[in-house]
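Participant: Going line by line, the protein sequences match chains E, H, V and C.
Going by the working numbering, the first residue of the first sequence is number 37, and it counts up by one from there.
Going by the working numbering, the first residue of the second sequence is number 37, and it counts up by one from there.
Going by the working numbering, the first residue of the third sequence is number 37, and it counts up by one from there.
Going by the working numbering, the first residue of the fourth sequence is number 37, and it counts up by one from there.
These are calculated hints, taken from the structure and not from any lab test.
One thing to keep in mind: the hints can contain errors.
[Claimed, not checked] Taking lysine-lysine pairs in the DSBU-like style, the calculated list, with each CA pair at most 35 Å apart, reads:
1) E/LYS82 / E/LYS107
2) V/LYS314 / H/LYS44
3) H/LYS60 / V/LYS198
[To be verified] These stretches of chain C come out as covered by chain V in the derived footprint (C-beta under 8 Å, 3 or more residues):
4) 88-100
5) 133-145
6) 253-267
Every value quoted in this text rests on a predicted model; they were computed, and no experiment measured them.
From the three backbone atoms N, C-alpha and C, an ideal C-beta is built for every residue, glycine too.
4 protein chains.
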Amino acid sequence: MQSVNDIKWKKGMNVGELINQFGKAGFQGIELSRAAEIIAKMKRDKAKIFVTFTSNMITSGMRGFFAQLVKLGMIDVIITTAGGIEEDIMRAMGEKFLITNFNADDIELHEKGLNRIGNLLISNDSYAKFEDTFTGMLEDIYKKEKRITPSKLLNEIGKKLKDEDSFLYQAAKHNVPIFCPAITDGSIGFHLYFFQQNHEDFIVDDIKDFKNMMTSTSWDERKGVIALGGGVAKHYAILITMISGGFDYGVYITTMTPFDGSLSGASTDEAKSWGKIKDDADATTIVGDATVFFPLAMTKALDILAEEGIIK
Amino acid sequence: MQSVNDIKWKKGMNVGELINQFGKAGFQGIELSRAAEIIAKMKRDKAKIFVTFTSNMITSGMRGFFAQLVKLGMIDVIITTAGGIEEDIMRAMGEKFLITNFNADDIELHEKGLNRIGNLLISNDSYAKFEDTFTGMLEDIYKKEKRITPSKLLNEIGKKLKDEDSFLYQAAKHNVPIFCPAITDGSIGFHLYFFQQNHEDFIVDDIKDFKNMMTSTSWDERKGVIALGGGVAKHYAILITMISGGFDYGVYITTMTPFDGSLSGASTDEAKSWGKIKDDADATTIVGDATVFFPLAMTKALDILAEEGIIK
Amino acid sequence: MQSVNDIKWKKGMNVGELINQFGKAGFQGIELSRAAEIIAKMKRDKAKIFVTFTSNMITSGMRGFFAQLVKLGMIDVIITTAGGIEEDIMRAMGEKFLITNFNADDIELHEKGLNRIGNLLISNDSYAKFEDTFTGMLEDIYKKEKRITPSKLLNEIGKKLKDEDSFLYQAAKHNVPIFCPAITDGSIGFHLYFFQQNHEDFIVDDIKDFKNMMTSTSWDERKGVIALGGGVAKHYAILITMISGGFDYGVYITTMTPFDGSLSGASTDEAKSWGKIKDDADATTIVGDATVFFPLAMTKALDILAEEGIIK
Amino acid sequence: MQSVNDIKWKKGMNVGELINQFGKAGFQGIELSRAAEIIAKMKRDKAKIFVTFTSNMITSGMRGFFAQLVKLGMIDVIITTAGGIEEDIMRAMGEKFLITNFNADDIELHEKGLNRIGNLLISNDSYAKFEDTFTGMLEDIYKKEKRITPSKLLNEIGKKLKDEDSFLYQAAKHNVPIFCPAITDGSIGFHLYFFQQNHEDFIVDDIKDFKNMMTSTSWDERKGVIALGGGVAKHYAILITMISGGFDYGVYITTMTPFDGSLSGASTDEAKSWGKIKDDADATTIVGDATVFFPLAMTKALDILAEEGIIK
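Bound conformation, chain E alone (with noise of 0.2 Å):
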C-alpha cells in the first residue's frame, strides 16, 4: 500500500506538481488526483468522453474553460441544463457577470435589477438582451426546420455565435452534440413558448434526441463521464449508456453526499449496481466545489497528455 508522504511547498510549483502531492497526502486530494489520472487514461484509451455540468458552472468562469476542452478534443458528448445555454449566449453577446459575495443583501440586489447565483450576478439588462438575440435566431433556424430536437437546436444557435469562448460555439464547430433535456427550464423557455405562439407548427422534439443521445456510443465502444455537479444532466448520461453496457470511466464532482437518496449525491458506487457504471470501472468521486476541483484534475491531465503528445 502506498504511504502518506507530506507535502511541501516549492516556489513556482506547477499545478500538476501540486495534485501528485495530494495524491499521497489525503482525503479528497488523493481523489483529485485519482481523477486526473482517470481523465488522462479516458483519452488515452480513445474513450468517448462524456461531459455533464449544472447552469451555474457556466455562469462561473468554467464556460470558457469548457469550450477550451471541447476545442482540444478532450469533450465528446455534453449534457447540460437551460440555463446554461442561455449564460453562454449571453456571454458570448458581450454580457458580463459580476462577483459579489455569497451573503449580499437580496433585496437591495432585486432594487438594482441584479440576479444572485451564489457570489455571481446576473442584470436583467442581460436577459433583456439575450430575448432579442434569441427570438432572432429561431426565427432562422425555424426557416429550415420546424421540428427539431434540441441537440439540433443548439448546434445551429452554436454556429451562429463565432465566440472562440463559447462552448456552444466550439461544440457546433466540432461536431460535439449537446443535450438538454430539460429545454424550456429556464428563460429560453419563455422565447420557445412565445415564438410557438406565432409558429404553431414550431415543435422541439426531445424523445429523438433521446435516439440521438443513445446512438453517440456503441456497446463496443470504451467510454468515460465525467459529471459535475448533479442533477437531471448527471441522471441522463448515466442513463443512456445503461443500454450499451455502461461506462468505463466514472468522475464524480459533487459537493452532495449520498445520505438523502437523491441522485445528486450518489456515487460512482451507486452507479455499479445499476450498470451504469461497470463493476471493474476505474472510477472516483471527489467531494467539493467542481469550479475549484475540475480544472485543477483536468489541468494535471491535460499537462499529462500534453507531455505525451495526445493533445495539442
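Using the hints provided, position chains H, V and C relative to the given structure of chain E.
Facilitator: Using the frame of chain E, we list chains H, V and C on its own:
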C-alpha cells in the same frame, strides 16, 4: 425577541406539540416550526400551492404521502422529474421497493438485479414489468392525442392507475396538473422513444406545457412554493412565477447548502434577488432530509388546518 | 427484506407512530427509526449509556431535555465541552437566550452586545453575570479541594445549581459523571485562570479524570454511546472504551459526512476499524441536525420504555 | 464590480496563476483567491499568525507542510488536538501511515490491526511503538518539571524529535508555542495517566497555559487566524483574542456549514458578532477540504511573499 425554551418529553406526545417545542429550541427545529406555520398560512389564505420534489422522494414512502396531500386539497400544482413518474406507476402496479443500507455491496446488488437509491432498492423486474404496462398506456393515449404535452400525458396515465396511494392517480382525479420538463430523463424516455419509432407522428410537446405552467397562476393570485430537494423541478417552479410577480410564500427543504452556487442549494433569500420570491414573502429554508422534515412540517400544518376546519 | 411503505398523516398522530412510518419509508427516516430502537435496546439491556454533545446544543432547548433524560435514568456518563457547561449555569441563573435568524446582521449584533450561535443569541450581560456567579462557586469549592478533576468540579458546581432543568444539577443529583477534557475552552477558562492567579495551588487535574473515565465502565459491562455532533466530546468517549472492548451499541447523529477524514463526520462503521465500536454492535449514523433528530429518536425510545415499564 | 473571466488552461501552469484565474471565476475559487491574498497580507503587515487544525490533518501529508510553514516563519502560534500530537511523533519515529479508500471494509481492517481515518490508515503497531517512545520522553521531562503546561510539554517533546518534517520539532526550534487544551484526548491521554499512576506529583496544568495563550498577543498587535476544520482548536483561538480586541485577519477553511449552529460550521461573519474577528477585518470562509484548499491558498501566498522578498 422570543427566548429559547427547554424541550421536554411527555409520554405519547404528538408531532405538533414536539414541533411547537422545536420552534422555541434552536437551529433547524426553529426553521421546521416556521415552515409548518407558513404552510398552514398558505392554505388558510387560499394561496395556490406549488410543490416540487425529486425522484428519490417517490422511491421512498413520501410517494403515498403526496397522494394523500393531493386528496386533502393541499397541493394545486406538482413539478417533478421522470424517475418519480415511473416509480409511482410501478408502485401502482403492485411492485415493491425494498429497504437496504447505504453501505450495501453494489457489485453484489448488480448481480442480483437490484438497483440502489440510497438505502432503498428497485429490482430489474420492476422495470421490465413497467415497460409492458407503460407501452400499453401509450397505445391507448396515442389513439386520443398524437401531439400531447407532458402534463396531459401524465393526466391520462393518472386516470388509468386506480390506486388511491398513487400521486398520479390523485392528481388526475383532482385536476392537479403535473409538470415534468425533462420527461425523457428516465426509463420512460426509452419507452417514449421506442413508441415514436413505430408512430412517427407521436410528439410530446414540452413547449406547450410552458404555457400551461404560466397560466396555472396569475399576478393577482396569492401563491406559495414548497420545494423539496433541488434540481430542475425546483428551478422550473420558481422560474414560472417570475412573470406573475413571484411567490408570496416559500418553503425550501434541502440537504444542500449555497456555497457552490447551485440552484439546488440556494436559499429562499437568493430567490428574492430574482423576484422569484417576493421581498416580503413568508419564507424559510430548512436544511435536512425532506423525507423526514416534510412529513413533520406537514403533520403540524395539517393538524392546525384540521383544527380550524379548513381541511377534511 | 422489508418493503417501502407509504407515509400517511392521521390527525393528532404521535411522534412514535410517525417515526415507525419513517422506519419503512426511506433514507434518514430509516436511520432515525433504527436509532430509536437501538436506544431503547441499550436501556432494556441495562447497558451503561454514554452521551456526548457539543456546546451549541446547550445553547438550544436541548439543554433541559438532557436534564430530563438524566432524571429518567437514560444517561450514565456525559462528555461535553466548556461552552455547554457555562451556558447551563447561565440558564440556571435565570439568563435567557434569544432566537434570531441565521442571516442576522453580525456587525449590528456586536454593537448591541449580542453574540450569535447559528440562529440563537447570548448577551454580553449573561457572560458578565456568569463571571460573578462562577467565581463565587470556585471560592467555595477551592476551600474543599485545591487539586480537583474537571468531573469533580462539575459535580460540585451541579450541587449548587438547584435548577431541575439544569443538566449539571441533575447529573450531580443522580451521580452521573460529566467529563470535559477541554475545560478551559470557554469563558470558564478565563475565570479559572484568574482564580489561579490568586490561588497558585489551585489545579484542575485532567489526567486524573482520564482514570475516572476509564473506570466508568468495564470489559464485562454492556455499553452504548450516543454521540451528538462531533469534536473532542465524541472522540473522547469512543477513545476510552477502546480499552474495555468497545461499545456494544452506537448511535451517531451528525451534520457532517466522512469525506474530509475528520472524526466529526466519521460514521459508526469507521469506529469499527478501531475496535471503538464492536464488529457486531447495534449501530447506526443519522445525518442531520441533532437538535431535531435526537428528541425525535428519544421520544420514540422513551415511549417504548415507558410502555414496557422500564422508565418512570 | 469585478466581472467573471473564463478559466483557461496553459501547459505547465503554476498554482498561483490558476488561483488568480479562480479569483475571477466563481464560488469557492473566489474565496480561495481572497484567502491567499489575506494570508499574504497577514505576513506583509507583520501580524501574529495563529493557525488551528484538527488531528486528521496531521494523519495526512499536511503534517510536513505545517513543519515547513513554521520553518518559513509563517506560523506564530499553533492550536491543535491530541491526535495530531501523537501522530506527528509517530511519523518522526519513522512510522508510515497508509492510503486506502473511504469505503474499505472496516471489519477486515480491524482484524488486520489497521485503524481507518477517512481514506488513510494507522496501524496498531504504530500505537504500540509510540507508547514506548512517549513514556521515555515523559521520564526525561518529568525530571526537569513536575508541574508542566501542555505547551511546555510539547516544546520539550519537540526538542527531542530531530525530524525536519515534524511540526513539533520545528515549533520547538523556532519558539512557536503549541496549545492543546484537550491534551488527554488521544492515546497520549492513556500514557499521561499511566505515568501519573507512578508519579503522583506529575501534573499537566492546562489553566496555566490559558495565561500563555492570552499573553501570546496583545491589544496593539495585529493578529490573524487561519482556522482549518473546526472543533476545540478553532474555538480556543478565537476565544483567546476576544480579550485583545479580536483578529484583524481571518481565514476559515471548513467542510461544515452553519445550519446546525455549531462552531465548526460557523463562518467568519458569525465571529464578528462576538468581536472575535473585528468588524472591518479582512476575512473569508472557504467551504471545502482543508487538505486541498490550504496548500493551494498557501502556495499562492508564499509565491507572492517570496516574490516580495518577505520570506526565504
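Participant: Determine for every hint whether it applies to the structure shown.
Facilitator: Hints and how they fare:
{"no.": "1", "hint": "E/LYS82 / E/LYS107", "in the structure": "holds, 16 Å"}
{"no.": "2", "hint": "V/LYS314 / H/LYS44", "in the structure": "holds, 32 Å"}
{"no.": "3", "hint": "H/LYS60 / V/LYS198", "in the structure": "holds, 23 Å"}
{"no.": "4", "hint": "88-100", "in the structure": "holds (count 5)"}
{"no.": "5", "hint": "133-145", "in the structure": "holds (count 5)"}
{"no.": "6", "hint": "253-267", "in the structure": "holds (count 3)"}
Of the numbered hints stated above, none is contradicted by the structure.
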